[in-house]
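These protein sequences, in sequence, are chains A and B. Mapping of the first sequence onto my numbering: position 11 corresponds to residue 11, and the numbering continues sequentially without gaps. Mapping of the second sequence onto my numbering: position 65 corresponds to residue 65, and the numbering continues sequentially without gaps.
It should be emphasised that the hints constitute simulated quantities derived from the structure, not laboratory data. Any given hint could be a false lead.
Stated by the list, open to error - Cross-link-like lysine-lysine pairs, in silico, DSS-like; alpha carbons within 30 Å at most: (1) A/Lys106 to B/Lys30; (2) A/Lys5 to A/Lys106; (3) B/Lys52 to B/Lys13; (4) A/Lys106 to A/Lys71; (5) A/Lys106 to A/Lys68; (6) B/Lys13 to A/Lys106; (7) A/Lys71 to A/Lys56; (8) A/Lys68 to A/Lys56; (9) B/Lys52 to A/Lys54.
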Amino acid sequence: DQQVKQNSPSLSVQEGRISILNCDYTNSMFDYFLWYKKYPAEGPTFLISISSIKDKNEDGRFTVFLNKSAKHLSLHIVPSQPGDSAVYFCAASNYGGSNYKLTFGKGTLLTVNP
Amino acid sequence: DAGVTQSPTHLIKTRGQHVTLRCSPISGHKSVSWYQQVLGQGPQFIFQYYEKEERGRGNFPDRFSARQFPNYSSELNVNALLLGDSALYLCASSYAPGRDKETQYFGPGTRLLVL
Numbered sequence: 001d002q003q004v005k006q007n008s009p010s011l012s013v014q015e016g017r018i019s020i021l022n023c024d025y026t027n028s029m030f031d032y033f034l035w036y037k038k039y040p041a042e043g044p045t046f047l048i049s050i051s052s053i054k055d056k057n058e059d060g061r062f063t064v065f066l067n068k069s070a071k072h073l074s075l076h077i078v079p080s081q082p083g084d085s086a087v088y089f090c091a092a093s094n095y096g097g098s099n100y101k102l103t104f105g106k107g108t109l110l111t112v113n114p
Numbered sequence: 001d002a003g004v005t006q007s008p009t010h011l012i013k014t015r016g017q018h019v020t021l022r023c024s025p026i027s028g029h030k031s032v033s034w035y036q037q038v039l040g041q042g043p044q045f046i047f048q049y050y051e052k053e054e055r056g057r058g059n060f061p062d063r064f065s066a067r068q069f070p071n072y073s074s075e076l077n078v079n080a081l082l083l084g085d086s087a088l089y090l091c092a093s094s095y096a097p098g099r100d101k102e103t104q105y106f107g108p109g110t111r112l113l114v115l
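Just chain A, same shape as in the assembly (with noise of 0.2 Å):
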């Protein structure tokens, strides 16, 4: 049962436009979520977070939606850039829980194009 589902493999943009990255998630007792992006030969490096009790969460060019209702996230890059060009993951968390392990999604190849 896979709680945190990226359901795009791969998007492919522009250089200079936006990437929008999805993720729904099925669990409702996560109330963190995190985004990370992994280089080849590399381990996932972290990008940007949010808490359940807001929607919104800049920082520069990222910013990640979330609209618990739906249960879903989404990770807005502008402008996308081709050192953007990695595997993105999302990933959720139960901070009431007695430990803080993180859920992944299966994580979506963004490509962008000069």
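For this one, chain A is given, so just place chain B on it according to the hints.
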């Protein structure tokens, strides 16, 4: 500042053997978590340790074990290796579990191949 470090970077073993993977957290971080990532999947949670105690365990068989040392470094042990254990093993550190706005930072991983 040094990030999370893991050793070795790559490892080849045969079925039935045992393997030990090592992780050093970011300085000041007291919690270490282990994840397994197989090709085409997101990382799967294996263990979390905090202050040398196990705080969480994922859905992995008893062949998987781990421990955390007084300096907060950690080892992941896998016994009786199976072909299906071939994966990237990731270590993540955080200051402590359950803190507000806690974030886990990942190391580069150890790529294990079981033949």
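Next item on the list: Return the numbers of the hints above that this structure violates; sort them in rising order.
Entry: 9
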